[in-house]
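Keeping the supplied structure of chain S fixed, place chains V and A upon it in accordance with the hints.
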Amino acid sequence: MRIVAADTGGAVLDENYNPIGLIATAAVLVEKPYRTAKISIVRYSNPFDYDLSGRQALKDEAFLALKLAKKVKPDVVHLDSTLGGIEIRKLDDPTIDALRISDRGKAIWHSLRKDLQPLAKKFWEETGIEVIAIGKESVAVRIAEIYAGLYSVKWGIEHGLEKGFIRIGLPRYMKVEVKDDRIFGESLDPREGGLYGELLIEKKDFGWQVYPNPIARTFMVFEIRV
Amino acid sequence: MRIVAADTGGAVLDENYNPIGLIATAAVLVEKPYRTAKISIVRYSNPFDYDLSGRQALKDEAFLALKLAKKVKPDVVHLDSTLGGIEIRKLDDPTIDALRISDRGKAIWHSLRKDLQPLAKKFWEETGIEVIAIGKESVAVRIAEIYAGLYSVKWGIEHGLEKGFIRIGLPRYMKVEVKDDRIFGESLDPREGGLYGELLIEKKDFGWQVYPNPIARTFMVFEIRV
Amino acid sequence: MRIVAADTGGAVLDENYNPIGLIATAAVLVEKPYRTAKISIVRYSNPFDYDLSGRQALKDEAFLALKLAKKVKPDVVHLDSTLGGIEIRKLDDPTIDALRISDRGKAIWHSLRKDLQPLAKKFWEETGIEVIAIGKESVAVRIAEIYAGLYSVKWGIEHGLEKGFIRIGLPRYMKVEVKDDRIFGESLDPREGGLYGELLIEKKDFGWQVYPNPIARTFMVFEIRV
Chain S
69 MRIVAADTGG AVLDENYNPI GLIATAAVLV EKPYRTAKIS IVRYSNPFDY DLSGRQALKD
129 EAFLALKLAK KVKPDVVHLD STLGGIEIRK LDDPTIDALR ISDRGKAIWH SLRKDLQPLA
189 KKFWEETGIE VIAIGKESVA VRIAEIYAGL YSVKWGIEHG LEKGFIRIGL PRYMKVEVKD
249 DRIFGESLDP REGGLYGELL IEKKDFGWQV YPNPIARTFM VFEIRV
Chain V
69 MRIVAADTGG AVLDENYNPI GLIATAAVLV EKPYRTAKIS IVRYSNPFDY DLSGRQALKD
129 EAFLALKLAK KVKPDVVHLD STLGGIEIRK LDDPTIDALR ISDRGKAIWH SLRKDLQPLA
189 KKFWEETGIE VIAIGKESVA VRIAEIYAGL YSVKWGIEHG LEKGFIRIGL PRYMKVEVKD
249 DRIFGESLDP REGGLYGELL IEKKDFGWQV YPNPIARTFM VFEIRV
Chain A
69 MRIVAADTGG AVLDENYNPI GLIATAAVLV EKPYRTAKIS IVRYSNPFDY DLSGRQALKD
129 EAFLALKLAK KVKPDVVHLD STLGGIEIRK LDDPTIDALR ISDRGKAIWH SLRKDLQPLA
189 KKFWEETGIE VIAIGKESVA VRIAEIYAGL YSVKWGIEHG LEKGFIRIGL PRYMKVEVKD
249 DRIFGESLDP REGGLYGELL IEKKDFGWQV YPNPIARTFM VFEIRV
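Chains as they are written, first to last, in my numbering: chain S, 69 to 294; chain V, 69 to 294; chain A, 69 to 294.
Same shape as in the complex, but just chain S (with noise of 0.2 Å):
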């Protein structure tokens, strides 16, 4: 099974650990046996002007899991949001309102079909490939939640040997590693079975911290200092 899937992770952190806006939306192709990426893209936001309360993150997945679809022609699309594998060109109202969730979840899933339906039905019309809300049920998602970290580095480095500092919280029980021109980034739990991801950077000199964030147990932080 040949599967593309996005997420968005990494976040820059203010001094006291707190999350000031998102970084990196990646998407990525996964392809058996399910424990990387063979193929990856990004797309950044500004994490100094990102609304943290808003409902950006999906749509923004969505169209840039569907760009990397139109290339690689996966089997199925994943989508980061967990209604039991639904296909979303089938998420109208009266469906929505059936659906297991909150209250809040349909509100937001009102709102959210309105830009994603009519996507996703488009796809599927032209192609034949389903896009479901299967989220935290899927491998692929988490790579990709893996590699949107990999992607927050990669920018956090950049960020760093401009500025001089930067501290990136990264995506849930993560850590990264970098080597030479490679940062080495993996999944801390090993009941997903040993995920992973790489990226390539120009080689720099600088100095870098993996450790706890003190106020979200199970997430790391990544720190560089120039």
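Mixed in with the good hints there might be a few duds.
Remember, identical chains collapse to one label, so a pair may be satisfied in a single copy or spanning two.
[To be verified] Straight-line Cα separation of at most 35 Å, DSBU-like style, residue types lysine-lysine; simulated pairs: (1) Lys158 with Lys127; (2) Lys231 with Lys141; (3) Lys100 with Lys247; (4) Lys243 with Lys141; (5) Lys204 with Lys247; (6) Lys189 with Lys174; (7) Lys174 with Lys204; (8) Lys231 with Lys100; (9) Lys204 with Lys100; (10) Lys106 with Lys139; (11) Lys247 with Lys271; (12) Lys135 with Lys231; (13) Lys158 with Lys190; (14) Lys158 with Lys174; (15) Lys272 with Lys100; (16) Lys272 with Lys106; (17) Lys100 with Lys271; (18) Lys272 with Lys231; (19) Lys100 with Lys243.
Hint data in this document are derived by calculation from the structure and do not stem from the laboratory.
What follows is chains V and A alone, placed relative to chain S:
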């Protein structure tokens, strides 16, 4: 403490990684230090003719656990239903109504207890051994789950050698390895403190692979191809 | 960020692995990189005369945390109650009623705040340091929990050397090792990013064992036999 426990697990998967039917119920005897089974027995189902919506599993587990318990006389029998450790022989209708579980859970137990309560009561009267509904709190139930996975792989190897290919979904966060004449399995959750199991098989020549189920995070797939 | 946190843990277990009473409250000073304690202090309870249903633990933790905080002047004090990081000094009755917690949780806090709110308010007025209810989100609270486990083992060794045997239930998913004159403990959850602790003890000769609590999955038992 000597504990007998039983659990059902391991599923034949279709080409989209969805379960077709469950494979094995295992009962185990677990003794201090509670990391593996001292004795294990199995009862196979027909995964190609299995009612996944039914409640057959818990009945199979109770019968198999009592079969082993009659032989090894443990201190207690653990079943995989998380009711806080209540004694099955005491599960009459008013007691079930007073449980802090969902209405659906109550309906299931009102039906289940018709078979299980007399069985547990008779066993207790004859042996003094309690059968309790402890579920996910029990390390012995988890070891039974790991053995259900091992027996499923054993069945899968035989089935695969005959048919050329089979894909099995293992129980939650466990991995297996085939080494000569043994199947070794262990929990992928280090918080469980190192739970594992082992089965002897006939040494045969075949290729196998273990990898994450892409649509069921923290579940692994075992695949054999001759 | 310099954080003081406190937690209670470690229990004497009966022969069926059920807790009789809690052993130790630990307060810790945690500094960057937030993986262990720089300073720790302890207050022992009498586990053989302990009201497990009571709310004594959180009060003990608050008093012990403030005792340490007065000495080391941290930036913030973390208590083990998961109320989203709210400041204890602001917990008046209308604020408690507005919290998104269970009715039982509200009743407990209406009672608890009578002691804790004036305490936190006075401490804040004198030092400017906030005492917050952050609970399981805090890495410092988790490190305090690991130290409560270490102090419980230290108590257990002394008690065991006197009485010949004791069985202690450790806090959730942590293990300990006794090496000459040190007790080393660490989290079994790698998602936490490598949290650990260490205590010095008098070197003595005794046998010990760590193994899973059979009726409390993810909890380990420490046993000493002379």
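Against the structure, the hints:
| no. | hint | result |
| --- | --- | --- |
| 1 | Lys158 with Lys127 | within (17 Å within a copy, 38 Å between copies) |
| 2 | Lys231 with Lys141 | between (40 Å within a copy, 31 Å between copies) |
| 3 | Lys100 with Lys247 | both (26 Å within a copy, 23 Å between copies) |
| 4 | Lys243 with Lys141 | both (31 Å within a copy, 31 Å between copies) |
| 5 | Lys204 with Lys247 | both (30 Å within a copy, 33 Å between copies) |
| 6 | Lys189 with Lys174 | within (20 Å within a copy, 41 Å between copies) |
| 7 | Lys174 with Lys204 | both (18 Å within a copy, 28 Å between copies) |
| 8 | Lys231 with Lys100 | between (41 Å within a copy, 22 Å between copies) |
| 9 | Lys204 with Lys100 | both (18 Å within a copy, 31 Å between copies) |
| 10 | Lys106 with Lys139 | within (13 Å within a copy, 53 Å between copies) |
| 11 | Lys247 with Lys271 | within (9 Å within a copy, 42 Å between copies) |
| 12 | Lys135 with Lys231 | within (32 Å within a copy, 40 Å between copies) |
| 13 | Lys158 with Lys190 | within (12 Å within a copy, 53 Å between copies) |
| 14 | Lys158 with Lys174 | both (15 Å within a copy, 33 Å between copies) |
| 15 | Lys272 with Lys100 | both (34 Å within a copy, 25 Å between copies) |
| 16 | Lys272 with Lys106 | both (26 Å within a copy, 34 Å between copies) |
| 17 | Lys100 with Lys271 | both (31 Å within a copy, 27 Å between copies) |
| 18 | Lys272 with Lys231 | within (15 Å within a copy, 55 Å between copies) |
| 19 | Lys100 with Lys243 | both (23 Å within a copy, 17 Å between copies) |
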